[in-house]
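Q: Take a look at the letters that make up each chain.
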Amino acid sequence: MTYTPQKPPIAESPEELRKRIAGWGVDLDPKDRPSVPKLAFQEDLTGAHWELPERQPEKYPRERSPEHGMLTPVFGTAQPPSGVSGAIRRYAYRYSEGRTAHWLLLVLADRVDAWEHHLRSLLTLRPDNPITETGVKAEVTRHGLRSRVGQHRTDLKHQFLDPVIVAGPWVAAAWLVFSGVRKLVRPLRS
Amino acid sequence: MRAMVYRGPYKVRMEEKERPSIEHPNDAIVKVQLAAICGSDLHLYHGMMPDTRIGHTFGHEFIGVVDEVGSSVRNLAVGDRVMVPFNIFCGTCWYCARGLYSNCHNVNPNATAVGGIYGYSHTTGGYDGGQSEYVRVPFADVGPSKIPDWMDDEDAVLLTDMTATGYFGAQLGDIVQGDVVIVFGAGPVGLVAARSAWLMGAGRVIVIDHLDYRLEKARTFAQAETYNFTQYGDIVLEMKKATDFLGADVAIDCVGAEADGNFVQHVTSSKLKLQGGSPVALNWAIDSVRKGATISVMGAYGPLFSAVKFGDAMNKGLTIHTNQCPVKRQWPRLFEHVRNGYLKPSELATHRVPLEHIAEGYHMFSAKLDGCIKPLVVPTAA
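One line per chain: the protein sequences are A and B, in this order. Quick note on the working numbering: the first sequence kicks off at 1 and runs consecutively. Quick note on the working numbering: the second sequence kicks off at 191 and runs consecutively.
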């Protein structure tokens, strides 16, 4: 009973639980839990044979958080910043992680990056294809209708927004191009 | 080599990319045999994680064969079959020396608030991931482990994040014998967390989600009581009723940034990117537990702010434990549990996606089609 010192009783005894559930209670003792206590000095250093790791060569000016005292000894080199999005990203890294500006600039750079690549892809033999790249074929091959009808899924309330997010910018861009061309052509016709 | 490549929100494709090379003396190059798509990959896929660059290859759950090693690698050799934790870590910084491998300070120049993760944007270090034929593995002497002969490939790949994270989440709950534990989210991590709560002596385990097929799995895999929150007007009130109006002793948030259950919260975070994550499950957790309870959070949230009901957490005297899982610290004990049959991660693998169908695989997982719980990715051509 909640309003008295006793805790509401559990329906099953430890013996019953042990019988029903394989392994019940094997980690009951916190000593058997690998992340208890949270901070535990690891004598083996998990195989490391250095105190400070050797430093990876920096082949281009690597962007880094100003909250770091130095460039970390090891870092990823995938997709170095480039173009307008790269300039926005480099600017974003002037701000600490505590500043909202840092993250919002990175989000902005992500959107600009996407458009830079979409436009660049139009000049290649493999332009972006929103149909194949969104994998909507799975709606047919993976039972899109059956997976939704008659289910108690609350995500259906907002799934209609996904195509808007994907196709919306393309439709808007197509409209801008169309209206721009129309404005150019109209005076020529008259 | 062939690799999954991000092309913008909701868009991915397979591309030919350059094979990665050794960039540091303790690097290895691993030829990937099996990978997986994680629920947290969907945050990248939906464009929620800042600094996710076009061309990035996702994938932080993978196993494979060592194809090349750097000059200082001592513990691995070409040909070794390895499982690689999702954390990239050095082993000797202040954090690693104390077992916080997920918080390593020597691998992520882009942020100090998170460590290094394979294929998880530049916010976690800018490393390409394992949904590809080859992957660069930094600190090869520290992170990877050779796969034991007795272990299935599917169990091995699912120990690199999903299983370790779920098991870690139950530990963060500080469960004592007889505790009532509520797990929010019946995805792969939530299912493992629920199963692990029993190993730690829980007296009752309740799993909450809105997908019936996943709740069915929670009943069979985790032997848990289940609630579909869409069937109740107020799931917090329902949890109070279910616990004789005391509230649960422990709640585990295994949902993270894209929680459903509140349209405004979901849309402002997942669609409009105005929050670091939709904290619906976290807020329900705060309100469903008793005063003085513990909340474990290892559902992933983005770095922007979120509308969390912190006043309730404070006034209830809650203890909130959080972190990304330090995977390798869990492995010795988890290997015992898998070998003893207490945990069988491969029971949660529902689909195998060839790399050439990666876009359909992401859409299926994102839209929760075909009873998908955990999709694996097969990188090599048949």
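Treat the hints as calculated values from the structure; they're not laboratory data. There's no promise every hint is true.
To be verified - Below, simulated SDA-like cross-link-like pairs (lysine to any residue); rule was C-alpha separation at most 20 Å, straight line:
1) Lys-59/A - Ser-211/B
2) Lys-431/B - Tyr-417/B
3) Lys-221/B - Pro-338/B
4) Lys-481/B - Leu-494/B
5) Lys-137/A - Arg-120/A
6) Lys-38/A - Trp-521/B
7) Lys-157/A - Tyr-422/B
8) Lys-461/B - Leu-45/A
9) Lys-336/B - Ile-165/A
10) Lys-481/B - Gln-367/B
11) Lys-157/A - Asp-477/B
12) Lys-157/A - Gly-423/B
13) Lys-431/B - Lys-481/B
14) Lys-221/B - Arg-271/B
15) Lys-7/A - Asp-477/B
16) Lys-481/B - Asp-434/B
17) Lys-59/A - Lys-38/A
18) Lys-38/A - Lys-481/B
Stated by the list, open to error - Computed list of chain B residues with no C-beta within reach of chain A, every gap over 10 Å:
19) Arg-209
20) Pro-215
21) Asp-318
22) Leu-389
23) Val-426
24) Phe-435
25) Asn-505
26) Leu-559
As the list claims (entries may be wrong) - Which chain B residues stay away from chain A? Per the calculated CB distances, all over 12 Å, these:
27) Tyr-200
28) Gln-223
29) Asp-257
30) Pro-334
31) Met-390
32) Asp-434
33) Leu-508
34) Ala-539
35) Glu-550
36) Val-568
From the three backbone atoms N, C-alpha and C, an ideal C-beta is built for every residue, glycine too.
Q: Which hint numbers doesn't this structure obey?
A: 4, 5, 8, 9, 11, 17, 18, 20, 21, 22, 24, 26, 27, 30, 31, 32 and 35
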